[in-house]
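Participant: Residue strings, one per chain:
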Amino acid sequence: MKVIKKSPITSTLSVLALALASSSTMAQDLSITVTNLTQGLYFTPVITAAHTNENHIFMAGEMASDELQAMAEGGSISGLSSILTNADANINENPAAGLLAPAMSASFDLTNDSTNTHLSLAAMVLPSNDGFVGLDSWKIPEEAGTYTVFLNAYDAGTEANDEIRGSGTPGEAGMPVPPPLDPLLGMNGTGVTDMESNDKVHIHRGSLGDSDMSAGISDINNSVQRWLNPVAKLTITVK
Amino acid sequence: MLTFNTQTKSTRNLAKPLVIAGLLTLGLTACSDNDNDVPPPIDPPIETPMEHSYSLTLTNLTYAQPLSPVAVSLHGDAKMWQVGQAASVALEKLAEGGDNADFIALEDNLATTTAEGPTLPGTSVTVNISTMDPAATYLTVATMLVNTNDAFSGLTGVDISTLTLNQEKSWRLNVYDSGTEQNNEAAGTIPGPADGGVGYDSTRDDIDLVGYHSGVVSKDDGLPSSVLTQAHRFDNPAVKLTITRTK
Numbered sequence: 000m001k002v003i004k005k006s007p008i009t010s011t012l013s014v015l016a017l018a019l020a021s022s023s024t025m026a027q028d029l030s031i032t033v034t035n036l037t038q039g040l041y042f043t044p045v046i047t048a049a050h051t052n053e054n055h056i057f058m059a060g061e062m063a064s065d066e067l068q069a070m071a072e073g074g075s076i077s078g079l080s081s082i083l084t085n086a087d088a089n090i091n092e093n094p095a096a097g098l099l100a101p102a103m104s105a106s107f108d109l110t111n112d113s114t115n116t117h118l119s120l121a122a123m124v125l126p127s128n129d130g131f132v133g134l135d136s137w138k139i140p141e142e143a144g145t146y147t148v149f150l151n152a153y154d155a156g157t158e159a160n161d162e163i164r165g166s167g168t169p170g171e172a173g174m175p176v177p178p179p180l181d182p183l184l185g186m187n188g189t190g191v192t193d194m195e196s197n198d199k200v201h202i203h204r205g206s207l208g209d210s211d212m213s214a215g216i217s218d219i220n221n222s223v224q225r226w227l228n229p230v231a232k233l234t235i236t237v238k
Numbered sequence: 000m001l002t003f004n005t006q007t008k009s010t011r012n013l014a015k016p017l018v019i020a021g022l023l024t025l026g027l028t029a030c031s032d033n034d035n036d037v038p039p040p041i042d043p044p045i046e047t048p049m050e051h052s053y054s055l056t057l058t059n060l061t062y063a064q065p066l067s068p069v070a071v072s073l074h075g076d077a078k079m080w081q082v083g084q085a086a087s088v089a090l091e092k093l094a095e096g097g098d099n100a101d102f103i104a105l106e107d108n109l110a111t112t113t114a115e116g117p118t119l120p121g122t123s124v125t126v127n128i129s130t131m132d133p134a135a136t137y138l139t140v141a142t143m144l145v146n147t148n149d150a151f152s153g154l155t156g157v158d159i160s161t162l163t164l165n166q167e168k169s170w171r172l173n174v175y176d177s178g179t180e181q182n183n184e185a186a187g188t189i190p191g192p193a194d195g196g197v198g199y200d201s202t203r204d205d206i207d208l209v210g211y212h213s214g215v216v217s218k219d220d221g222l223p224s225s226v227l228t229q230a231h232r233f234d235n236p237a238v239k240l241t242i243t244r245t246k
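Sequence lines, in order, name chains A and B. Heads up, the first sequence is in numbering that gives the first Met the number 0, so the first residue is 0 and it goes up one at a time. Heads up, the second sequence is in numbering that gives the first Met the number 0, so the first residue is 0 and it goes up one at a time.
Among the hints, a few may not be true.
[Unchecked claim] Below 30 Å or equal to it, Euclidean Cα-Cα: the simulated DSBU-like pairs (lysine-lysine) are: (1) B/K218 with A/K138; (2) B/K168 with A/K138; (3) A/K232 with B/K246; (4) B/K168 with B/K218; (5) A/K138 with A/K232; (6) A/K232 with B/K78; (7) B/K168 with A/K238; (8) A/K238 with A/K199; (9) B/K78 with B/K218; (10) A/K238 with B/K78; (11) B/K246 with A/K138; (12) B/K239 with A/K232.
No lab work stands behind these hints: they were computed from the structure. Please read all numbers here as calculations on a predicted model, not as lab measurements.
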């Protein structure tokens with residue numbers, strides 16, 4: 000993940016303010032926009048949190064927690080919200096008030112406590128079995144300015160990518176299909192695979208899909224619902 | 000994914016003493032002309048706007064996607080496209096057919112240039128652009144991946160006002176989809192050498208919002224009606240762009 004910094008505020012006033020404040024003891028006001036860069040994926044309700052540097056909602060190469068699995072397989076963020084609340088995180092939930100449609104953005108403000116120096120984000124990507132867009136513990140800059148972070152799609156490693164209509168309940172096969180996705184997906188796919196041999200969180204290999212809306216191996220439309228990384232852009236303004 | 004490098008050429012500091020030495024020499028030469036009968040004419044001071052010049056090098060990082068003639072423009076604070084917004088007709092023509100004439104002619108542009116021909120995979124092209132307009136401090140670059148329905152790469156509305164002389168910046172650019180033509184990869188719809196089909200078609204039969212491209216599928220990877228092969232697939236980034244301020 001690469002970070003780009005734009006237009007830092009370097010007025011004497013802000014430099015003075017930083018000098019007077021011991022750098023890590025102030026709460027910060029953040030203005031955040033998450034953009035779905037894709038033209039064919041929907042994001043389930045997004046959860047964003049500022050937390051201490053010791054916490055992670057996921058880590059590539061590690062097993063997913065039950066809470067992450069529930070988000071990645073069914074879009075439910077209540078479990079993640081609850082563990083973040085217990086960790087005294089500052090949390091924003093569901094800024095798009097539902098699904099974040101292709102190419103759409105959602106904006107919100109977040110004030111982080113002085114100890115909550117790192118930012119994480121997660122949302123399931125649809126259609127997928129257990130794909131999610133994620134940010135793992137990005138250090139929030141102390142300097143005022145606007146920062147851009149590009150996010151990749153991960154696979155929670157908890158469910159086989161059969162790419163056929165099914166369930167969003169953790170541990171049950173198939174993809175959840177909420178109403179806006181219903182007319183966009185194929186039917187009667189026979190299943191791409193029933194194996195998930197990498198059970199760690201990893202970069203999603205992408206969907207295979209097929210071009211047959213009424214048969215084939217996948218219910219995913221291969222000319223619309225595949226993706227290349229990055230799949231999301233996060234714009235963070237530190238005030 | 001987008002990378003951002005800043006580098007100042009080390010020759011800059013070396014050049015300074017040479018320039019000073021040159022000025023001293025000129026000064027001495029002028030002194031020797033003191034007893035000339037005709038005094039040199041004194042030009043009234045003229046407020047000359049400073050010229051800014053830039054050299055841009057674009058490298059095609061793909062395997063088999065020629066890039067249409069790259070369009071470069073300088074303008075004020077504006078974006079020529081945005082994820083989540085509909086493409087302009089000018090951008091649609093560039094993204095569907097590789098024709099950048101309308102895009103170059105956009106009213107917001109204060110200075111423009113274009114590459115003379117396509118940039119083939121594995122090759123680079125360098126173009127130069129100059130402006131006297133102090134407002135022309137934002138950069139836009141756009142080019143089509145021609146073996147696609149409507150894929151393009153580039154960047155838009157990037158502030159270059161802080162570039163110092165000889166400073167260079169580089170980006171690795173991702174691929175956008177103009178959202179104006181569905182990615183059916185069908186015979187007759189792709190203007191590049193893979194098909195030789197129609198470029199721009201005013202019909203908008205896709206999402207009609209600019210977004211990131213999902214890649215081509217090709218007939219070798221599950222789209223039997225595609226004229227494209229495995230060779231035409233691509234990934235991000237597709238283009239490397241470097242700008243150097245030369246004046």
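Participant: Does each hint fit the structure? Answer for all of them.
Facilitator: Hint by hint, here is what the structure shows:
no.: 1; hint: B/K218 with A/K138; verdict: violated (43 Å)
no.: 2; hint: B/K168 with A/K138; verdict: holds (25 Å)
no.: 3; hint: A/K232 with B/K246; verdict: violated (34 Å)
no.: 4; hint: B/K168 with B/K218; verdict: violated (38 Å)
no.: 5; hint: A/K138 with A/K232; verdict: holds (16 Å)
no.: 6; hint: A/K232 with B/K78; verdict: holds (17 Å)
no.: 7; hint: B/K168 with A/K238; verdict: holds (27 Å)
no.: 8; hint: A/K238 with A/K199; verdict: violated (37 Å)
no.: 9; hint: B/K78 with B/K218; verdict: violated (35 Å)
no.: 10; hint: A/K238 with B/K78; verdict: holds (24 Å)
no.: 11; hint: B/K246 with A/K138; verdict: violated (38 Å)
no.: 12; hint: B/K239 with A/K232; verdict: holds (20 Å)
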